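Peer 1: Dock chain B against the given chain A, drawing on the hints supplied.
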Amino acid sequence: MKKKPLQVVLHAREPSLVEFTVGDRVQLDRLTLSPHGYVAERHGKLLEPGVTTLALAEGQYFFKTLADTHLRVICGGVETSASTNGTKNPFPDPPAQPPPPGGLGDEPEGEPPQLTVQ
Amino acid sequence: MGIHNRWPPSLTSRDTARRAERICAQAGIAEQRTLAGEQATADAVLEALRDAGAVLADGGVLVLTFSGHTERGNGPIGTARWCLVQGGLELSRIAHHLALLPRSASVVVISDTCYAAAIIRALVGTQAVIVVAGCGEEETMVIRARSEFVVRLEDFVCSTRASGSLEQLRELLEADTPDCERPVVWTNAAHRWSAPALAVPRRTEDDASSAADVA
Chain A
1 MKKKPLQVVL HAREPSLVEF TVGDRVQLDR LTLSPHGYVA ERHGKLLEPG VTTLALAEGQ
61 YFFKTLADTH LRVICGGVET SASTNGTKNP FPDPPAQPPP PGGLGDEPEG EPPQLTVQ
Chain B
119 MGIHNRWPPS LTSRDTARRA ERICAQAGIA EQRTLAGEQA TADAVLEALR DAGAVLADGG
179 VLVLTFSGHT ERGNGPIGTA RWCLVQGGLE LSRIAHHLAL LPRSASVVVI SDTCYAAAII
239 RALVGTQAVI VVAGCGEEET MVIRARSEFV VRLEDFVCST RASGSLEQLR ELLEADTPDC
299 ERPVVWTNAA HRWSAPALAV PRRTEDDASS AADVA
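Each protein sequence line maps, in turn, to chains A and B. 1 is the number of the first residue of the first sequence in our numbering; add one for each residue after it. 119 is the number of the first residue of the second sequence in our numbering; add one for each residue after it.
One chain only, chain A, in its complex shape:
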C-alpha cells in the first residue's frame, strides 16, 4: 500500500522543548497568518531520520511526513493535531488551532503513517 503524507500541526502555547523521532527527512515550517490564511515558512534545518530535539518558541508549526513519527514534549506546552487532508478545503477563519497550511492540490491516495505523542 502506497504511503501518503501525514500532516502535523504543533501549537506551542509557550516556549517548549520537543523531541522529534522521525523516519524520513522532514521539513519543519513555522506558520504565519496572512490575509489569505496560514502560510508555511521553513523553520531551521531539515530533520534527519532519527531523534532531534528542538526548542520551539511560542507559535504554530507544521510538518508532513511519510514515516511513523513520535513526538515527546520534554518541557513547555505543545498541542498537536494530525490529518491526511489539509488541502481540499478552503481555509476557514483563523482558528485557535490552525489547520495544516493549504497545499497546491487535492489529497493523494494512500495509507498515512502514524503519529504518537508523549
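It is possible that some hints are incorrect.
A few chain B residues that don't get close to chain A, going by computed Cβ distances all over 10 Å [unchecked claim]:
1) A154
2) R168
3) G177
4) T188
5) R190
6) R288
7) P296
If the Cβ cut is set under 10 Å, some of the chain A residues that face chain B in the computed set are [said to hold, decoys possible]:
8) L46
9) T65
10) A67
Selected chain A positions facing chain B (in silico; Cβ < 7 Å) [said to hold, decoys possible]:
11) D24
12) V26
13) Q27
No lab work stands behind these hints: they were computed from the structure. Just so it is clear, the structure is predicted and the values come from calculations on it, not from any experiment. Even for Gly, the Cβ is constructed at its ideal location relative to N, Cα and C.
Peer 2: Structure of chain B alone, referenced to chain A:
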C-alpha cells in the same frame, strides 16, 4: 496562474510568474505572455500554446510555466487537472497541444503545483522536453509565500547565465529538501540539453521572438 473558487489563493503564483519572466529573459527568450488571474482560463492557455506553435521558428523553444493548484482526482495521471479559471485543464490536453508544436521545437515546462511531475507521464510528443517540477507526481506542495524551488531555479539560471548543466540543476534543486516534497528535473533529450540547462540554444535575432512563456 490559475484560480478556482474551490481553492484558496495560491500565494506563490505572482512571485513565480515574476521569477519565470526573469528566468526566460536570462535564457534569451524575447517574447513572453503571462496569463494571470481571470485571464488564466483553459481556453486562453490552449490558445496561447497554439499561437506559440504557429510562430515558433525551426528549433525554437517554448517555456510553459504553471503556478497554481492541481486536482489529481482518482483517474489516470493524464486526467489530473491544472486548476484554471472556469475549470480545470487536463494534463493530457496540455500534452496533446505540446505535441502539436513543430517537431524541431524544444519545450521547457516549469511546474509549480502539486503532483508537479505528473505532466511528464502525460507527454506524448516527439519534441525535446525538459520538465522542472516542484515535487514528484504523487506529492503535494505546501503553500508558501514563495516557491522554494523556483527561487533556486532563478538563482541557478542567473548565476550560471543559463549555462549550467541539468545535472547541476538537479543536484541544486534536490538538495536540502524533505523526502515527501522533492523537486524533479527530467528530460527526454539529455543529449540535446547536455550543456545548457534551461536554456535555449542561442538563436539569431530573427527567431528570438519565436518563443513564448505562458505562465
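Peer 1: Of all the hints numbered above, which does this structure not satisfy? Sort the numbers upward.
Peer 2: The structure conflicts with hints 4, 5 and 7, although it agrees with all the remaining ones.
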